[in-house]
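Engineer: Sequence:
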Amino acid sequence: MTQLINQVVSETPTGARAIKELSAAVGVSRATYYRQRQRLSQPLVDTAAEAELRQTIQAELRQTIQQIALTTRYGYRPMTAALQRRGLVVNRKRVLRLMREEQLLCRPRRGFVVTTNEDVYNQQRLHSALGYRPPVEFEQLSHQPLLA
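Throughout, the numbering used here is defined as the position within the sequence shown, counted from one, plus 4.
Treat the hints with care, as some may be off.
[Unchecked claim] Derived Cβ-Cβ restraints for the label pairs, each shown as a range:
#1 R111 with E141: 18 to 26 Å
#2 Q42 with Q71: 36 to 44 Å
#3 Q46 with F116: 47 to 55 Å
#4 G79 with A28: 47 to 55 Å
#5 R34 with K97: 57 to 65 Å
#6 L92 with Q46: 23 to 31 Å
#7 R98 with Q46: 20 to 28 Å
#8 C110 with K24: 50 to 58 Å
#9 R98 with K24: 50 to 58 Å
#10 R43 with P82: 36 to 44 Å
It should be emphasised that the hints constitute simulated quantities derived from the structure, not laboratory data. Glycine residues also receive a C-beta, built at the ideal position from the N, C-alpha and C atoms.
Model the full assembly from the supplied sequences, consistent with the hints where possible.
Structural biologist: And the structure:
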């Protein structure tokens, strides 16, 4: 499909208009034509040199992450920011994956535990309408009939 349209476009002087008309005649949108043409122009095979370069970059990134982790206790988000401050273009997902593989992630902080102890309750609510009484005693007093 794209080869046919490319051949006709190269033969006609009005290329852009021909693409619009030919893609409509074939029943394909122009965006699909341009997307197909872009995919065909890109190489599908990853060369050995590119794979080796990618591995080298990843090894350097691992080493940099380990150096930063020796001096700080960063999670993956601050680690990503530190790497970006050093001028490295790196995604937080890649940093998270590498830190997991190297077991450099910190344990998450414990969540807040709500206490319902009466001593803690009265210390936290000194200004409340309880009048410094435990909740049970306040409930008993509030349900008594009012004196006239």
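Engineer: Give a verdict on every hint.
Structural biologist: Here is how each hint holds up against the structure:
The hinted window of 18 to 26 Å between R111 and E141 is violated, with their beta carbons roughly 42 Å apart. Checked against the given bound of 36 to 44 Å, the beta carbons of Q42 and Q71, roughly 39 Å apart, stay inside it. Here the CB-CB span from Q46 to F116 is close to 51 Å, well matched to the stated 47 to 55 Å. Taking 47 to 55 Å as the suggested C-beta distance range, the pair G79 and A28 conforms, at roughly 53 Å.
Between R34 and K97, the C-beta spacing of about 34 Å breaks the proposed range 57 to 65 Å. In this structure, L92 and Q46 meet the distance hint of 23 to 31 Å, their C-beta atoms being roughly 26 Å apart. Judged by the Cβ atoms, the range 20 to 28 Å given for R98 and Q46 holds: they are separated by roughly 22 Å. Remark: the range hint 50 to 58 Å for C110 to K24 is upheld by a beta-carbon distance near 56 Å.
Between R98 and K24 the Cβ separation comes to about 41 Å, which falls outside the hinted range of 50 to 58 Å. Between R43 and P82 the beta carbons are some 38 Å apart, a value that agrees with the proposed interval 36 to 44 Å.
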